[in-house]
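Between the sequences and the hints, there should be enough to build the whole structure, so can you do that?
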Amino acid sequence: MYRKDGNPDGNPYRTHTAGELRAEDVGERARLAGWVSRRRDHGGLIFIDLRDRWGVTQVTFDPDSGEVFRAAEQLRPEWSISVEGEVARRPEGNENPELPTGEVEVVAGSLRVLNESLTPPFEVDRERPVDELLRLKYRYLDLRRGRMRENIVFRHRVVKHMRDYLDARGFVEIETPLLTASTPEGARDYLVPARLYPGQFYALPQSPQQFKQLLMVAGFERYFQIARALRDEDQRGDRQPEHTQLDLEMSYTTQEEVLNLVEDLYVEIVEGLSEKKLGAKPFPRLTYREAMERFGSDKPDLRFGLELGDVSEIARTSEFKVFRGAVEGGAGGSVRGIAVGGLGDLSRREVDELATIASLGGARGLVDLKVGKDGGLSGRTAKFFSGEEGEALRAALGAEPGDYMFFVADAKDAVVFESLNRLRLHFRDRLELADPEELALCWVTDFPLFEWNEDEGRIEPMHHMFTMPREEDVELLDSDPLKVIGQLYDLVANGVELASGSVRIHRPDLQQKVFSIVGIDAEEAERRFGAMLTAFRYGAPPHGGIAPGIDRLIMVLRDEPNIREVMAFPKTQNARDEMMDAPGPVTPEQLEELHIAIRMPTRRGPEQPPREAPNV
RNA sequence: GGGGGCGUAGUUCAGUCGGUUAGAACGCCGGCCUGUCACGCCGGAGGCCGCGGGCUCGAGUCCCCUCGCUCCCGCCA
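Take the first sequence: its position 35, counting from 1, is numbered 63 in the working numbering, and each next residue is one higher.
Take these hints with a grain of salt, some might be off.
Now the in silico label distances, taken between C-beta atoms and shown as ranges [what the hints assert, rightly or not]: (1) R154 <-> V614: 38 to 46 Å; (2) T562 <-> N143: 56 to 64 Å; (3) V614 <-> N481: 19 to 27 Å; (4) S210 <-> A246: 57 to 65 Å; (5) G247 <-> E482: 37 to 45 Å; (6) P128 <-> V200: 52 to 60 Å; (7) Q102 <-> R191: 28 to 36 Å; (8) L219 <-> G558: 34 to 42 Å.
30 Å max Cα-Cα, derived BS3-like pairs, lysine-lysine [what the hints assert, rightly or not]: (9) K411 <-> K440; (10) K327 <-> K398; (11) K305 <-> K349; (12) K541 <-> K511; (13) K165 <-> K188; (14) K305 <-> K327; (15) K541 <-> K599; (16) K411 <-> K398; (17) K411 <-> K349; (18) K411 <-> K305; (19) K327 <-> K188; (20) K327 <-> K411; (21) K188 <-> K349; (22) K599 <-> K327; (23) K411 <-> K401; (24) K309 <-> K165; (25) K541 <-> K440; (26) K327 <-> K309; (27) K349 <-> K309; (28) K511 <-> K165; (29) K165 <-> K327; (30) K188 <-> K511; (31) K440 <-> K349.
Hints were generated in silico from the structure; no laboratory data involved.
We put the beta carbon where it would ideally sit given N, CA and C, even for glycine.
Structural data, given as structure tokens:
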């Protein structure tokens with residue numbers, strides 16, 4: 029950043045960063061500014077590791093320097109200082125190969141203490157686990173630590189790459205409002221009371237969905253935005269109240285074009301910026317159906333096998349009631365299984381544990397069979413499967429001698445898939461089947477446009493209600509909407525959904541039809557999406573797009589266990605900001621202005637002491 | 001909304017069957033030390049054992065309640 033041609037602006041703090049001095053700089057005068065990372069006081073000689081964003085440089089203080097030396101004796105970790113001195117080669121044998129600056133040191137000629145520091149609540153310069161609440165409360169100190177700094181800087185590089193990539197292809201970055209109307213995603217909105225409209229509220233956007241489509245109507249052709257998306261739902265490791273997505277949309281485009289655009293971008297990011305090993309290229313494309321049948325999931329982890337096998341036909345004629353019952357009646361049930369090697373002999377208890385894992389996917393039981401050295405089957409249910417039948421099961425799963433076969437039978441395909449998916453992921457972790465260095469990206473396409481919501485007894489959009497059906501399926505909208513395939517696509521990496529998008533409906537008549545299928549009548553459609561429906565009557569172009577999640581991408585590229593590790597200021601699982609102490613109460617005057625009265629929950633709720641309102 | 005785990009020094013943790021003065025490491029403070037880079041050596045301070053209640057002669061330890069954090073299910077992306 030600063031070079032040895034000097035200090036043209038006369039910066040009083042530094043002429044160089046702490047990460048750039050090398051052997052060739054020996055003899056130069058240098059001034060460094062940063063934090064005291066560590067002090068090694070030898071009585072007659074003091075070493076300071078001076079840290080800034082760019083690196084660490086060793087500074088030495090010699091007793092000959094008198095006053096400066098005595099000042100250095102007072103230094104403590106995390107003090108902010110500026111040091112000026114000569115760059116010297118370290119004595120023979122005292123180089124530190126761990127540091128890029130390890131061949132040299134700065135011999136301090138002067139020292140300015142810019143700011144002292146309290147003793148930090150945790151050790152900033154040591155990579156030790158610290159309670160996350162404490163880290164969040166002192167996030168500014170946590171962010172001084174190497175791993176977090178690298179994550180945040182890496183994130184910047186990825187986002188910058190996205191901007192440059194899209195700019196070079198004619199995309200325009202456009203901001204859309206944060207204060208807007210409720211959006212049509214399924215999640216709960218964050219609401220903001222409208223002072224000028226008593227009883228009315230803005231909603232914070234769950235995504236810029238309608239705006240991006242309106243920008244297509246507006247003729248920008250290619251739009252993108254690094255957009256914040258807010259949803260008032262419970263947290264998970266990969267979910268936060270606000271997350272960031274690369275929102276993009278294109279006019280006169282096709283699914284193929286969107287996929288290729290994003291694929292090339294992700295190849296550049298993974299190969300050019302990250303240390304991950306990219307899986308198959310071009311990215312494998314699986315239809316939703318194929319992903320479910322092979323992996324039991326619409327976000328499959330392709331780094332390992334353990335693919336599902338369908339044994340429904342064998343089950344149909346089986347003596348085993350559990351199997352036969354699942355496929356009888358033609359209600360769409362199935363029997364499927366996976367073959368797993370390397371498990372040795374499982375105890376009854378271990379098998380029960382596996383059944384519990386499967387039950388989380390809805391399975392009412394788990395059928396386990398072990399393939400013996402001679403190919404014969406053993407297990408509690410082995411007696412139901414004659415030699416021929418057992419052989420057929422074995423062949424269907426491709427099970428080898430010594431493998432276990434696990435089967436789930438259910439009248440609902442979805443239960444079979446979800447249960448086996450959980451088992452598959454369990455074995456991935458237990459048997460370490462997935463290469464942690466690999467990033468296996470794939471596309472999942474051809475999702476159904478709608479799904480049946482069991483609880484509410486109605487049809488819902490799988491993605492959102494602006495998704496275009498496949499051309500050949502438009503007729504099915506009337507006859508059998510659940511069979512309609514949408515022009516819908518997800519980008520998946522190692523079992524994590526990274527992006528989701530679709531070609532949109534641009535014709536008002538088709539949009540109306542989709543609304544009515546999901547139970548929105550013309551009046552409600554007009555009320556909720558009036559602007560967009562009207563806009564579509566002014567020559568809306570065909571368009572489509574996608575919204576890759578940035579937090580999750582950085583998370584998988586950096587091997588972090590959750591997205592809080594790649595966000596500068598995340599919230600806790602209970603959606604609190606411990607550093608800023610938000611949310612918090614406001615003054616009665618503020619509430620008055622908003623025409624809001626608080627009615628506290630009676631049964632149970634967050635305790636609200638009558639504490640003083642903050643000075644705003 | 002439901003379930004699991006955790007809560008002991010500034011930090012990360014240990015703490016046996018309920019038993020005397022609650023320990024370790026790192027950090028912090030003081031002293032010594034001229035080539036360290038996890039510097040070393042000597043000494044020291046530091047505890048509402050999350051909060052409240054109960055059983056008990058006696059509770060960090062057992063029971064109940066509650067608060068906080070975290071993971072999972074639901075929800076959601």
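Evaluation of the provided hints:
1. At about 40 Å, the beta-carbon gap between R154 and V614 stays in the expected band of 38 to 46 Å.
2. Distance hint for T562 and N143: a CB-CB separation of about 58 Å, consistent with the stated range 56 to 64 Å.
3. For V614 and N481, the Cβ-Cβ distance of about 37 Å falls outside the hinted range of 19 to 27 Å, so the restraint is violated.
4. Between S210 and A246 the C-beta distance comes to about 22 Å, which lies outside the given range of 57 to 65 Å.
5. One distance hint, 37 to 45 Å for the beta-carbon pair G247 and E482, holds here, with the actual separation near 42 Å.
6. Separation of P128 from V200 is about 39 Å and departs from the stated range, judged on CB atoms against 52 to 60 Å.
7. Under the hint 28 to 36 Å, the C-beta atoms of Q102 and R191, about 45 Å apart, miss the expected range.
8. In this structure the hint that L219 and G558 lie 34 to 42 Å apart at CB is violated, the actual value being about 20 Å.
9. Of the supplied pair hints, the one linking K411 and K440 holds, its CA atoms being roughly 26 Å apart against a limit of 30 Å.
10. Among the hinted pairs, K327 with K398 is consistent with the structure: their alpha-carbon atoms are about 29 Å apart, no more than 30 Å.
11. With a CA separation close to 47 Å, the supplied pair K305 and K349 exceeds the 30 Å bound.
12. Of the pairs offered as hints, the one joining K541 and K511 holds, with about 15 Å between alpha carbons and a cut-off of 30 Å not exceeded.
13. A distance of roughly 29 Å separates the Cα atoms of K165 and K188; the hinted pair therefore holds under the 30 Å criterion.
14. Proximity of K305 to K327 is assessed by CA-CA distance (about 19 Å); at most 30 Å being required, the pair is judged to hold.
15. A hinted pair counts as satisfied when its Cα atoms are at most 30 Å apart, and K541 with K599 does not qualify at roughly 40 Å.
16. With a C-alpha separation of about 12 Å, the suggested pair K411 and K398 falls inside the 30 Å cut-off, and the hint holds.
17. Note on K411 and K349: the hinted pairing holds, with a Cα-Cα distance of about 13 Å set against a maximum of 30 Å.
18. For the hint pairing K411 with K305, the CA-to-CA distance comes to about 46 Å; that exceeds 30 Å, so the pair is violated.
19. Taking the CA atoms of K327 and K188, the gap is about 27 Å. The hint holds against a cut of 30 Å.
20. For the hint linking K327 to K411, the alpha-carbon distance of about 36 Å lies beyond 30 Å, and the restraint is violated.
21. Between the alpha carbons of K188 and K349 the distance comes to roughly 59 Å, so the proposed pair goes past 30 Å and is violated.
22. For the proposed pair K599 and K327, the alpha carbon gap of about 26 Å is at most 30 Å, so the pair holds.
23. Annotation: proposed proximity of K411 to K401 holds, straight-line Cα distance about 17 Å (limit 30 Å).
24. Between K309 and K165, the direct Cα distance comes to roughly 42 Å. Violation of the 30 Å bound is thereby established for this hinted pair.
25. Restraint check for K541 and K440: satisfied, since their Cα atoms lie roughly 29 Å apart, inside the 30 Å limit.
26. Taken as a hint, the K327 and K309 pair is honoured in the structure, with Cα atoms around 18 Å apart against an allowance of 30 Å.
27. Only pairs whose Cα atoms come within 30 Å are accepted, and K349 paired with K309 is rejected, the gap being roughly 45 Å.
28. Distance check on the hinted pair: K511 and K165 sit about 50 Å apart at the alpha-carbon level, beyond 30 Å; violated.
29. At roughly 35 Å between alpha-carbon atoms, K165 and K327 are farther apart than 30 Å, so this suggested pair is violated.
30. Distance hint between K188 and K511 is unfulfilled; the C-alpha atoms sit about 41 Å from each other, more than 30 Å.
31. For a cut-off of 30 Å, the pair hint linking K440 to K349 stands: about 16 Å separates their Cα positions.
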